[in-house]
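Visitor: Given chain A, put chain B in place with the hints provided.
2 protein chains.
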Amino acid sequence: MEKTTATKRIYSGKIINVRVDDVELQDGSMSKREVVEHPGAVAILAVTDNREAFFVRQYRKPIEKELLEIPAGKLDEGESPQSCAARELAEEVGMAADELRQISFHYSSPGFASEKMYVFLATGLKKVDVARPEGEFLEAFRLPLAEAVSMARNGDIEDSKTLVALLLAAGIFNL
Amino acid sequence: MEKTTATKRIYSGKIINVRVDDVELQDGSMSKREVVEHPGAVAILAVTDNREAFFVRQYRKPIEKELLEIPAGKLDEGESPQSCAARELAEEVGMAADELRQISFHYSSPGFASEKMYVFLATGLKKVDVARPEGEFLEAFRLPLAEAVSMARNGDIEDSKTLVALLLAAGIFNL
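Residue numbers (our numbering), protein chains in the order written: chain A, 1 to 175; chain B, 176 to 350.
Just chain A, with the same shape it has in the complex (with noise of 0.2 angstroms):
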């Protein structure tokens, strides 16, 4: 445990909130903690009968330049974690699923982050027509699963949820 003495605020933002915590340690003695304040995530691993997986492409501010990822979303207040993802799916990928499993709930930076990210298995696809939000430019497609799975296991996927989703998927799916 990490007693919070006194907590500054440092940003309220559209997605973050940042404060800094002081914070008494186990040996009585003090300390700061610098901490990001996020709703929360879901990302999809959707997969067809024909086992296929949707891929999405974008641009990400924070490391300049573009990645590969699974479907993927911010929590609005209130949603729950299933409704998330069913309604990410629809608009990244144009997709609704007859199943919707999670698969794993971890933390993203648990040292400076409190975002909580639920990973779905999406299978029983069928698409459907949903307009993607203003200001969302992202490049769907889809893989063969086996091939995304190599991917993740040779170094080629670089997202940490991508990467989860896939490798539990190996075990699920038995690649």
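Since the hints were derived computationally from the structure, they do not count as laboratory data.
A few of these clues could be false.
Said to hold, decoys possible - Using 25 angstroms as the maximum straight-line C-alpha spacing, the simulated PhoX-like pairs for lysine-lysine come out as follows:
| id | chain 1 | residue 1 | chain 2 | residue 2 |
| --- | --- | --- | --- | --- |
| 1 | B | LYS189 | A | LYS116 |
| 2 | B | LYS249 | A | LYS8 |
| 3 | A | LYS74 | B | LYS207 |
Every value quoted in this text rests on a predicted model; they were computed, and no experiment measured them.
Guide: Okay, now just chain B, sitting in the frame of chain A:
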């Protein structure tokens, strides 16, 4: 590409910096991007000759709970990922490795943070005597690698870098 037209510095801290960029999107419209700058980090899956892996349990302020993780730490200025991995392995679990092989490079939260994560597999382990840095409180222990891989597959590992490391190790060690 998202062209930065202005940058506002919000916070310069010990581990993170925060800025907000005004960016021009693909269609010429303007938006804002909140960016957490991070120095990058390493994580080490250290496996003994009899297939046990080292873990640490430590309190993580952003999520207000203890988390089971592999040894990890952030890069010091000018430090290579390889040197950082050797240093953290010694500091956190008191081991040196004959072989330290990078098995993943990924971004932990590319939507809002620049953090790069380098994951190493450490083998040929020998005990070393190194003092733990002040203010670091963690419990170190070993688990059979096969058991840890099962935990990762069953949802009992909630740290992203640890999940990636264990699921990649499953392929490497045929587990």
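Visitor: Does LYS189(B) pair with LYS116(A) here, judged by a C-alpha cut-off of 25 angstroms?
Guide: 23 angstroms, holds
Visitor: Does LYS8(A) sit within 25 angstroms of LYS249(B), going by the straight-line distance between their CA atoms?
Guide: 23 angstroms, holds
Visitor: Quickly compare the C-alpha distance for LYS74(A) and LYS207(B) to 25 angstroms and report which way the hint goes.
Guide: 16 angstroms, holds
Hint check: no violations occur; every hint is consistent with the structure.
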